[in-house]
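Enquirer: Numbering (the working numbering) for the sequence shown: 1 to 663.
Note that these hints are calculated values from the structure, not bench results.
All values reported here derive from a predicted model rather than from experimental measurement.
Don't take every hint at face value.
[Said to hold, decoys possible] The calculated label-pair distances, taken between Cβ atoms and stated as ranges, are:
(1) Ser658 / Glu285: 44 to 50 angstroms
(2) Ala191 / Ala498: 57 to 63 angstroms
(3) Thr618 / Asn517: 30 to 36 angstroms
(4) Ile330 / Ala447: 52 to 58 angstroms
(5) Ser382 / Ala442: 17 to 23 angstroms
All residues carry an ideal CB built from backbone N, CA and C; glycine is no exception.
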Amino acid sequence: MKIRLLLLFLCAFSYLPDSFGQTVRHTYRFYKTFDVAAPECGPALTPVKALGNCPAPATDGSFVNDVLPCGVQRTIYQNNLNWGLMYPNTEGAITDNYTIQMYIKPTNWGKTWARIIDFSNGGSDQGIYFKDRNGSADRCIDFYPYGIAGACPFFNTNTYYLMTFTRNGQTGIMDVYVDNTLFASYNDADARYVGKAGTPIYIFRDDQSVSCESGQANFAYLSFTDQYYSKADVDETFNEICFTANINPNADFSIAPQAICKADQNVEIKYTGTIPLPGAGYTFEWDFDGAEVISGTGMGPYVLKWNTTGEKDVALTIVNIKCGNKIVNIKQATVSDLSLTTTLEPGTCDKTSEGTLTVTGKGGSTPYQYSIDSVNYQADASFKLFPADYRVFMKDSDGCVVKEPVKVEFSSNITVQTIADTVICAGGSVQLTTTSNAQNFAWEAQASLDNPTAKDPVASPLTTTQYIVNASLGVCNLRDTVTIQVAPAIEVKATRDALIDINVPFQLVASSPQVMNLNDATFTWSPPTGLNNPSSPSPIATLQADQSYTIAVTSGMGCTGKAIVNLRVRRRENLTVPTAFTPNGDGKNEILMPVINDITSLNFFKIYDRWGELVFYTKELNKGWDGTFDGKPAVSGTYVWMIEGISNEGKVMRKNGSAMLIK
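Let's have the full structure, built from the sequences with the hints guiding it.
Expert: Structure representation (structure tokens):
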């Protein structure tokens, strides 16, 4: 019988949605529907045609595929000219205090005026428009009848914009944000741009028959709420717009580990959705498919275990108490039933052969692989073995492993033991000194041995090689194995050749994929000219003339690799950013700081992570990034920067590039 946990998170009635006093919020993502995104409760959008005799197509528009700036390809809605969307505003989300957000890409401006929002106030042409100025291909925002607000012209037809219109009901001020930048603040003291409960709000459509003021756009996201948004609220939406616009994350959860290799193994189920604790106004129904819950209450996390093997369905159903809208997420976990048995045909001196061990697998996910050292696996289930105690391993395609001990016995007194596993540098050699009472020796992996029939050959492998010595005494044989690990040649990755500014500190960085711990390696830059620390993996060069450096990296095993960096010096006004920094608390190169020559001011200095998320922004000349984001250390890796400044001569200088955060 399946265990079903119904978790009801209900606050007092004063905190239930809408009529009970909670925030009204309606979100639309346009995945081939105009319905509100579940589990929200709310009305559907309705395509509406412009009034009058506007030359509108017979259909309102279509759901088409588009690629958003973050690289996601998905279905969006594209309205036709002289068609728009009607939000009924039945719950009064849009009155005097509200926020409307839309993630759109304008595709056709229509004529001179293109309506953005109409509040159905009946006023002649009152509302918010895109407006042509002086025949420009780009557009401005116009609060008709009071005129243009913000930068003009600004908007084009090939860019997605997160547009936020948020009105403070107490002050009458409407703030307009484009992406996460305050574009304009408008004093709506006359309350021209307010709505009324039950009176529709029109998007890209006029409420009256007025001169066909229509445009076209691709709609990826639209939301209405009765809350005023601060700059921090807008920042939060913009920083997560790819996730917010494309994914309904309300019912997401994680299962760890993904491969559950045996019954009774503890598994964590963790709610990762966006509904905040304690989940007021929603019911959460978990179905753990018969699992024993060890710990966890409420929205989790849960620690549980299944006492049986096989596939298990974990389901989470979230229901909005007000309207019954629900969202269901089902994920599958598999508890492996992998097991093995062995049969042994022992070898004897009379049979002149090794023992044969055969492994038989059951359960899990085929195909299986087999090993007697847990490192080297094979598809063959049989092993030819000499006398010894072995542990047999079997691994399935999910990576689950089972093991059993096996004892192989011979009636022989032969002994053989070669050296222990050894590590050498690429190009090196080692003598395989062997202790044995055997008479004859035959080594496998002969190609890299000087004498494969000697007791103590010299091995010179090019790559990590396992050597097996087969020792024979009469008709009995015994073997021993040694693995000579060849440390790979030290590949040095260093700063690329660069053109740098005179007397401007330039970050040099050297690393090696083969050196995982910098404390186990030595770095030597030569010559040391202009370097603050020629023994550092990341010294700073300050030069007045061209210079070539050779960087030698020696691993803890004594293996060395080299690379060359050529720096050429230029002399002119400059605005740039170092290629790397090391915010590790040692007091050296802690801040990623712009390097400027003859620059009077900065318009911006922005840094993004590899997902395109803004992690740092400033306009101050002498301010840089300390390697933290939201108060926490950022992860090591490459970050993209953009910078724009004004030179002493009034020239606008723009640069972009990347810098590496090294810890």
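Enquirer: Taking the numbered hints from earlier one at a time, note which ones the structure violates and give those numbers from smallest to largest.
Expert: No hint contradicted; all consistent.
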